[in-house]
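With the working numbering applied, the sequence shown corresponds to residues 1 to 168, in that order.
Each hint should be verified, as a subset may be incorrect.
Distance ranges between label pairs, derived from CB positions [said to hold, decoys possible]: (1) ALA6 with GLY31: 46 to 54 Å; (2) PRO124 with LEU3: 49 to 57 Å; (3) LEU3 with LEU28: 38 to 46 Å; (4) ARG154 with SER119: 52 to 60 Å; (5) LEU9 with SER159: 19 to 27 Å; (6) SER119 with THR50: 26 to 34 Å; (7) GLN155 with SER119: 55 to 63 Å.
What the hints contain is simulated information worked out from the structure, not anything from laboratory work.
The structure displayed is predicted, hence computed values, not measured ones.
Built from N, CA and C at the ideal position, the CB exists for glycine as well.
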Amino acid sequence: MRLDRALALAAFFLAATALLSPWWQVTLDDGTFVERFSFRAFQPVEPWTTTWAPWLTGLLAAAAIGLLFLRLAANSHEHEPASWRRDLVVATALLAAAVASCLLWPDTVPSFWGGRTYSSPTGPATTETAMPGLGWWLAGTATILAGLSSWKSRQAQASEGSVDATTK
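Based on the provided sequences and hints, a complete structural model is requested.
Here you go:
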C-alpha cells in the first residue's frame, strides 16, 4: 500500500472517530465539587456554546470524511491521481477549518485554553477551565495526516514524472 493512501486512510478513521467524540470540555471546580461538561460537534448545549458553531464544525468534518471516503473507495490514487491530490488538499483544508471553528464555540467561556477563578464572599472560589476535548485532538491529528498524505502524493507524482522523463 502506498504511504499516501495509508495516511489518508488513517486520517479518515480519525476524523470519523472525532465526530463521535467530545469536541469541547468545560470543568467547574469549587474545591469540594467538580462538574464537567462535554460538548459534541452535533449537540450544541447552551449557554456554553453558540447554537450554530458546533453544527458548522460537524458539517466541515463530515464533508472531509465524505470526500476521503469517496477517494479511498474509488482507489483514486491509481485511477485519478490528479483528482486524488486535489481532494487530499481539499479534505485537509476542511479538517483544518473544522478544528479552527472550535474557536467560535465558547460563548461565555473566557478563552480557548485557559480559565478563570470566581471569588465568592460566602463560599469557596470556583475555577472554570475550558479545553478542547478528544474530538478536537483527533480532528487535529487527522488534519496533519491528511496534509502529510497530500505531501507524499505530490512527492510520488514528482518522482514518477522524473522517471518518465528519463525513460523517454
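Hints and how they fare:
For ALA6 and GLY31, the Cβ-Cβ distance of about 48 Å falls inside the hinted range of 46 to 54 Å, so the restraint holds. Distance hint check for PRO124 and LEU3: the Cβ-Cβ separation is about 54 Å, which falls inside the suggested range of 49 to 57 Å. Between LEU3 and LEU28 the Cβ separation comes to about 45 Å, which falls inside the hinted range of 38 to 46 Å. In this structure the supplied range 52 to 60 Å holds for ARG154 paired with SER119, their Cβ-Cβ distance being about 55 Å.
A beta carbon spacing of about 21 Å between LEU9 and SER159 agrees with the range 19 to 27 Å that was offered as a hint. Remark: the range hint 26 to 34 Å for SER119 to THR50 is upheld by a beta-carbon distance near 28 Å. Checked against the hint of 55 to 63 Å, the C-beta distance between GLN155 and SER119 comes to roughly 56 Å, which is consistent with it.
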